Amino acid sequence: MDLISELTQYLISGLTSGAIYAIIALGFTIIYNATEVINFAQGEFVMLGGMVMIAVDATGRFPLPVSFILAVSSVTLVGVVFQRLAIQPVRRPSAITLIIITVGASIFLRGVAMLVWGKDPLGLRPFSGVSPIAVGGATLTPQSLWVLSVSVVVMAGLQFFYKHTITGKAMRACAFSRRAARLVGISVDRMVLISFALSAAMGAVAGIVVAPITLCGYDVGTMLGLKGFCAAVLGGLGSSPGSILGGFLLGILEALGAGLISSGFKDAIAFLILLVVLFLRPSGLFGPREVKRV
Amino acid sequence: MPAFFRHHLLHVSAFALLMALVPFMVTSRYYLNLFIFIGIHTLLTLGLNLLMGYAGQISLGHAAFFGLGAYTSGILTVTYHVSPWPAMGAAVLVTIMVALVIGVPTLKLTGYYLGMATLGFGIIVNICFRELSGITGGPSGLVGIPPLSLGGVVLDEPRYVYYLIWGVTLGALAVSLNIVDSRVGRALRAIHDSEVAARASGVDTARLKIWVFVVSAAYASLAGSLYAHFVTFISPSSFGFMFSVKLVTMVVVGGMASVWGAVFGAATLTALPEVLAAFHDYEILIFGFILMVVMIFLPQGLTRGFLDLAERWRFYRRGIPAAKV
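Read top to bottom, the protein sequences are chains A and B. Here the first sequence is numbered in my numbering, starting from 1 and rising by one per residue. Here the second sequence is numbered in my numbering, starting from 1001 and rising by one per residue.
It is possible that part of the hints are untrue.
[Said to hold, decoys possible] Going by beta-carbon spacing under 8 Å, a handful of chain B positions derived as facing chain A:
(1) GLY1056
(2) ILE1058
(3) LEU1060
(4) LEU1109
(5) MET1116
(6) ILE1123
(7) ILE1127
(8) PHE1241
(9) VAL1248
(10) ASP1281
(11) TYR1282
(12) PHE1287
(13) PRO1299
[As the list claims (entries may be wrong)] Derived CB-CB ranges, DEER-like:
(14) A:SER128 / B:SER1140: 39 to 49 Å
(15) B:MET1025 / A:ASP189: 48 to 58 Å
(16) A:SER73 / B:VAL1101: 45 to 55 Å
(17) B:LEU1017 / A:SER94: 37 to 47 Å
(18) B:GLY1152 / A:LEU260: 49 to 59 Å
(19) A:LEU70 / B:GLU1157: 56 to 66 Å
(20) A:VAL90 / B:ARG1189: 20 to 30 Å
(21) A:GLY118 / B:PHE1015: 36 to 46 Å
(22) B:PRO1139 / A:LEU115: 23 to 33 Å
(23) A:LEU115 / B:ARG1183: 48 to 58 Å
(24) B:SER1149 / A:VAL90: 42 to 52 Å
(25) A:PRO132 / B:ILE1135: 31 to 41 Å
Derived by calculation from the structure, the hints in this document are not laboratory data. Keep in mind it's a predicted model, so treat the numbers as computed, not measured. Glycine included, C-beta positions come from ideal geometry on N, C-alpha and C.
Chain A on its own, in the form it takes in the complex (with noise of 0.2 Å):
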């Protein structure tokens, strides 16, 4: 293979990863606009998406879009609790507690799934096909397809309810300023709710459809999380457009940087490029410079 068929075949394994990692780092930053919380179960959502829709149409009694509808809906409702049972009655909610609180959820979370679903890794047919697109001299799989276009819709899907829904224009006022909000009379506490509903929605997204790519098991969740997170601070965090350009910006990077230096290092590649763009520039590549309040 030449280098640039090779370059592309990079270039195609690296967006596709980027959209997932786009979708993840959505969910982050629609709960850190709603709470200026950092959710570290958000890896965990991704998991429990693919594993309760890997569970679903293991039983072959429901079609796929309708498996997926299922999946979707109880992991969001594993958010609403989560957010219900943990992070509501925190009563002063300081960044140390409610990381350790998230860590917990996140650890218990796969604890859950370990008992549940075993201890192996799991697959997922593709939606459509398996016989692979040529794409100038390299090569994409359906299921790349599947996973770019509904990224696609995804973040469509979430613009369109940020600019053109009343619950979203409350959502981005929350996002503004809470105090402000409450002052016109929008409800914060239902926004933080829609936050975390929201969030978990997405990553369950993520996790269904990357889930017949990469075999899905109860440990995915936390390196899943961290790269979504690595893409939302290298996009800015809070920055929905910023987290989708990170997403990708990472996921392209990982695949170059697996591919021309070495695959074992994958996943160390994320977590340098995270070390450097919280010490160089935290706010980010489109970020607003962070002003610090006493």
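Please build the complex by placing chain B on the supplied structure of chain A, with the hints as guidance.
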């Protein structure tokens, strides 16, 4: 030092005496091993507690420093035939260097960013243990690490190892108590409450945070070396994210900002999996649950939280309105 003698000498000596008697009461090899692991985990928890409990800086990658200690000791003794004690010293130095290089940029971050950065650091180190197989033995690990020896006696009997490890741990406990009661300890707590206020009252917060980070990394490195020479076999899976989370759980249960609490947290969470049969399958579930529940209801940690509750109850019975805590 005088403060130490005034306040703690009695407690530490009593505790040391108690621990010294354990090998006479516990004859089973299995339970003696359990006490050895409690010692190692206590050493780790004491260090992380200084960083997390006192200075309020979270580390989700502390297993990396434990691993660096273990691997440096292991590699130097197995591959380069260095004798164990100098290897252990070198391991502490290597870990301190790494902690400095990582700590200087990392500790400028606060809150969530600090959590993610330490988490990322821990994962990178773990990947290095796994992938640099030429040096570390890769996923299958490093075997044949020699035991330590002291004055011509090879410490390969659990009972000897027990005294060695608890000796080191008690030393670290005394050092911790001393730090906590000193000017530095008060400055650390000031950082915990408000970094800006601490800086305004003249605390060099940046330097102090790095200092406490390095101290806690050195504790972890020491624990790692002792662990490696005790079990004689190490592999990357012992130093992963889950272990970092376990250490955080021990600190949280121990009560964040209580030196004796750290001992309690380490002992409880090391013994619990052994005492409860079938715990193993539920291990991560239970650890996650403990973390969530303790932090939701007693954000100051289990020990501190209970002490606060007890205090309020005393006030309540005497009819004094409880102070706002």
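Worksheet entry | In rising order, the numbers of the hints this structure does not comply with | none
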